[in-house]
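Novice: Two chains, two frames, some hints: make the complex.
Chains A and B, in that order, give the protein sequences. In terms of our numbering, the first sequence has 225 at position 225, counting the first letter as 1, and numbering is strictly consecutive. In terms of our numbering, the second sequence has 1009 at position 9, counting the first letter as 1, and numbering is strictly consecutive.
Please note that the accuracy of each hint is not assured.
With the C-beta cut set under 7 Å, the calculated list includes, among others, these residues of chain A facing chain B [to be verified]:
#1 Asp407
#2 Leu409
#3 Asp431
#4 Glu439
#5 Ile501
#6 Lys504
Since the hints were made in silico from the structure, they are not lab data. The beta-carbon is built from N, C-alpha and C at its ideal position, and this holds for glycine as well.
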Amino acid sequence: MKILIADDEHISRMVLERTLRGLGYEVDVSADGKEALAKFEVHRHPIVIADWVMPEMDGIELCREIRNHAKDSYTYLILLTTKYEKQERSFGLSAGADDFIVKPFDRGELKARLGVAERILNMEAQLREANIQIQQIRRQEIEIGASIQRSLLMAHAPEGINAFEFAAMNLPSLQIDGDFFDFFVHGPDIVDVFLGDAMGKGVPAALLGAGTKSSILRSISKLLADPNRVKLPAPKEIIQTAHTSLARELMNLNAFVTLEYARLDRAERKATFVDCGHTQVLHWSAADKITRKLSGTNFPIGFIPDEVYTEFTVPFGTGDVFCIYSDGVTEARSPSGELFGTDRLTSLVDEFCEERASQLLYRLREGVRDFTESGPLDDDFTVVVVKVGQPTEPWNMDSETFPSHLDSLAAIRHFVGYLSHEAGLASPEIDMVQLATHEAVTNVVQHAHRRTEDETIEIQVERLSDGVSIKIFYSGPDFRPGPVSQPEMTAMREGGLGLFIIEKSVDTVRYFATETGRKCIQMIKRIR
Amino acid sequence: MSNVEIKSQKEGNAVTVFLSGAALDASNVQRFRVETTSLFESEKNFVLILKDLKFVDSSGIGALLSCLRKAHASGGDVKLAELPQNVRQLFELVRMDRLFEIFETREEALRSFGS
Chain A
1 MKILIADDEH
11 ISRMVLERTL
21 RGLGYEVDVS
31 ADGKEALAKF
41 EVHRHPIVIA
51 DWVMPEMDGI
61 ELCREIRNHA
71 KDSYTYLILL
81 TTKYEKQERS
91 FGLSAGADDF
101 IVKPFDRGEL
111 KARLGVAERI
121 LNMEAQLREA
131 NIQIQQIRRQ
141 EIEIGASIQR
151 SLLMAHAPEG
161 INAFEFAAMN
171 LPSLQIDGDF
181 FDFFVHGPDI
191 VDVFLGDAMG
201 KGVPAALLGA
211 GTKSSILRSI
221 SKLLADPNRV
231 KLPAPKEIIQ
241 TAHTSLAREL
251 MNLNAFVTLE
261 YARLDRAERK
271 ATFVDCGHTQ
281 VLHWSAADKI
291 TRKLSGTNFP
301 IGFIPDEVYT
311 EFTVPFGTGD
321 VFCIYSDGVT
331 EARSPSGELF
341 GTDRLTSLVD
351 EFCEERASQL
361 LYRLREGVRD
371 FTESGPLDDD
381 FTVVVVKVGQ
391 PTEPWNMDSE
401 TFPSHLDSLA
411 AIRHFVGYLS
421 HEAGLASPEI
431 DMVQLATHEA
441 VTNVVQHAHR
451 RTEDETIEIQ
461 VERLSDGVSI
471 KIFYSGPDFR
481 PGPVSQPEMT
491 AMREGGLGLF
501 IIEKSVDTVR
511 YFATETGRKC
521 IQMIKRIR
Chain B
1001 MSNVEIKSQK
1011 EGNAVTVFLS
1021 GAALDASNVQ
1031 RFRVETTSLF
1041 ESEKNFVLIL
1051 KDLKFVDSSG
1061 IGALLSCLRK
1071 AHASGGDVKL
1081 AELPQNVRQL
1091 FELVRMDRLF
1101 EIFETREEAL
1111 RSFGS
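Extracted from the complex, chain B is given alone in its bound form (with noise of 0.2 Å):
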């Protein structure tokens, strides 16, 4: 079982975090939940970075969710940036694209908090 690897950085009013690993998906997404409860708890803006995510399930994405209903009950938001190709497939086909603001690059991403 691999896990994913979270990285987080301070950048203006929006915290950016670098998620990396083989997969977000059923075999590891508690880890995951458990790990990021704290982080998204603690702060309101968020920006995602998924490149280095090479896989993501219907699992990763009710986590996903989960930061999101997080950071909207604190009154902020979760945006995503820089999904692989395979990723992006999965968010439009389940229509995350409706509840998830998604940009081309972290710079776009953290713009559009006003950082």
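Bound conformation, chain A alone (with noise of 0.2 Å):
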């Protein structure tokens, strides 16, 4: 070991010079603090004995010095003193010495307190040493994390389905989350999408994602793989039976996910959702013009052992928006710490619903982005958008049945616009067709269906070359209005009214009886 010596003193430092050469140290001399401190820049000797007092440099000084400069590794610095006065030393501490050795110095003494710095070199050494082999994991663990991420997490988004447009997005914050998403093509026009977040940081979320993933996309498999299956197994269906090999393990572990999951059928025009806990999903309506916010009503997996979980539904056509995201969106911060929230992406979506998938992606990005004034994300930002497009099969005709009462009345009109609005009729024309079709629908459930229980109505709504025809399908007496006449509209008298608007709002209107014996309203309408 190699250690420097600072005095000015000729005697004194050739003493201690060969003192130390001859307890087997390699030995460095300077005359002075200035100098010591040039040779120990060059040779970094790990320790250092000097002169309290020098010319030019003096020890106190040097050992400044030297602790203000050598921070990658520790020097042992011992000062030579005459003075041991309580008061002289701790100001010696204070500058950066570690020992003291009074003159004249006794050999044994100078051994022992030698040993002493060599010890503590030594355990200097290994705790850096460890300390180094910390860092590195810590490094490694934010890689593997980062690459669990990339590569167990995340999927790509679907391309080449005519009947959606696909776009996700994922940005990791510093620490690792554990959001996921993925999507399940089942046929040109179903494709499940599922987005989770998993509780907590770095890689044990990760890891937490990664199997909570793997365990959708097994029993999505173990469910079809099912040879008496004859249609696909239901969202909840699916939930339930990741649940059954996943509560447990989460619950064990503390720990939970939640989770949005979605069936988007073109065909049926469809979504279908199971929400455990999740971030509500928007759905921009072409149809309705407005965004509205969809969640259910299921706890986060691993929350309750004996959750059984439920699906919701809503309609979707043409030119539709779902948004599927993690809470890193919508908690989001700004410098003065304000959430960035759900009605702020509300409106970015209602803003740019008309744009491309990815485009609107994007644009929801820099909307973040910039009410964080580019800060720091402190939660993964993870987005899925799809739009919806054609269906690979265009549709011709569909019909639904509603039990015959008047609280059926707000989803009929859901339906046929929808329809309506598929069959490329524009806004004033929806909600004529809507308004028609109520009407009709009210006159049936309190005319016809006045006496009975538990009638149903089935609405058909055919796509025309040039327009939609809405036929009302009911069983029970019939009731055919005579002609119709513009009813007398004074502030006394309102009779007629819900005929009268029948044959105001669309082109024709038709009553008859099926061969089975069912009544019908057939209504046309065109576009103009």
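Specialist: Right, dumping it as structure tokens:
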């Protein structure tokens, strides 16, 4: 081990040098602080013994300089002193000295003190080494997390499907999060999308997310492999199956996962969701010209052992947009600490809903970036945007049966509204079709089905080359209005208004009975 | 079944009534009639703000007509303002615009009462 001596007294320096060589050390000598510092900067001696009082630069200053310069390795500093008053020593200690040797020194004491110095230097070296290893492991952990994220947690959005246009984005936060998503293409018109967020940060969250995702994919495969199956497993069935294999494990780990599972069926124009405590899905409806926030009622997976998953369904049509995202989006913060929130995201979807999925996604990212003023993300930023295109097989006819009840009116208006939009009708025409259907159904419920319970009404919507035909099928007494005339509209009377509205709202109305004896009201609205 | 939310406030010599909800139609019109009876019997002049009412049908129109009748009976009037496009279209279709005075904004409607 190399020792640097700094002492301006020739004799004292020589004695010290000889003694140290005798103890087996390599020795460098210098006659003052300045010279010592110059030598130290070249050789970085692990031990420096300096006289307290020297010209040019004294021992105290040398200690300070060495402490300031050499931060990457530790140097053991011993001050030679004739002074040993307590006060002086504390001054030396605060300048960076580790120990003191009083002149004239005793050989045995010097040897023992250098032994202490070596022990401390060894320990310091080991600590430093351990620290480097820990840092390396941390770096590796982040790399592992990031590679899990890239390879296991994320997926490529399906391309080349006419029915839907997908765009997906994940921007990992600094610490790695447990966000994941994937797609399952059942056919040209049916695609499942799921997006989840495992609690926590770092590799544990990434592993949790990867485990959950693979469990969901396994559940889909398992259910599809059943030879007795005739139709696709329902989303709630898939999540229930995944829950069975996951929930117990998650609860043992005190962990949970929020998840949105969506099935988009272009042929049926229906999106079915299972919402496990996830953020609200945004749905821009091109027919209604509004963005709705959709949410279900289930807990995150891993909350409770006997959760029963439920689905909800919304109709959709050409031009509609679905936006599924993680809370890293809505919980992004502005520099003043304000949350981005669902309403801001909704406004962006409203504003850019006409653009392509990838462009809309870019706009959302830009919006959040502007809000956070490019600050770092606390949480993963994960978004899947789905834009609805044309179905593979254009629909010609669709029908649905509703309970004959006034409470069904809203759903019926929705149903005919969507299909009228699909058939190419524009906004005021769609309103007219909805209104006419609403009035006709109200008449059926209030007149034909007045005295009967548990009746149903079937609504059939057919696409015509130049419009749409709505047929309302029901059983029960016939009611055929006579010639409908302009009702006497005074402030005193409002009779016959419903029938008049129907006549005025559509181009043709026809009342007839089918071969099976059902009654039918048919209305045709042509595109102008 | 969704209900129509009714909020009212006195503004000068008229009462502004804000109606909001998914629909004013056959499914909830009975309730609407019950809930508005006392209001329309206690005051004379009304401005109905319809901008947050998504849908109105013939039953809804009937209910609004009976509000108008009550107001007329006490020598007052009901005026409408801020109609959504589809509701306005319906009112024109059934010539309700001949019975109700319709305004673009609440301020214009209030001014017509001298409020």
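Novice: If a hint holds in the structure, say so; if it doesn't, say that too.
Specialist: Here's how the hints hold up against the structure:
1. The beta carbon of Asp407(A) comes within 5 Å of a beta carbon in chain B, closer than 7 Å, and the hint placing it at the interface holds.
2. At its closest, the beta carbon of Leu409(A) sits 5 Å from a beta carbon of chain B; the interface hint therefore holds under the 7 Å criterion.
3. Restraint check, Asp431(A) versus chain B: the minimum CB separation of about 4 Å is within 7 Å; hint holds.
4. Interface restraint check: Glu439(A) against chain B, minimum CB-CB distance 6 Å, threshold 7 Å, status holds.
5. With 7 Å as the threshold, the beta carbon of Ile501(A) comes within range of chain B, its nearest partner Cβ sitting at about 6 Å, so the hint holds.
6. Interface restraint check: Lys504(A) against chain B, minimum CB-CB distance 5 Å, threshold 7 Å, status holds.
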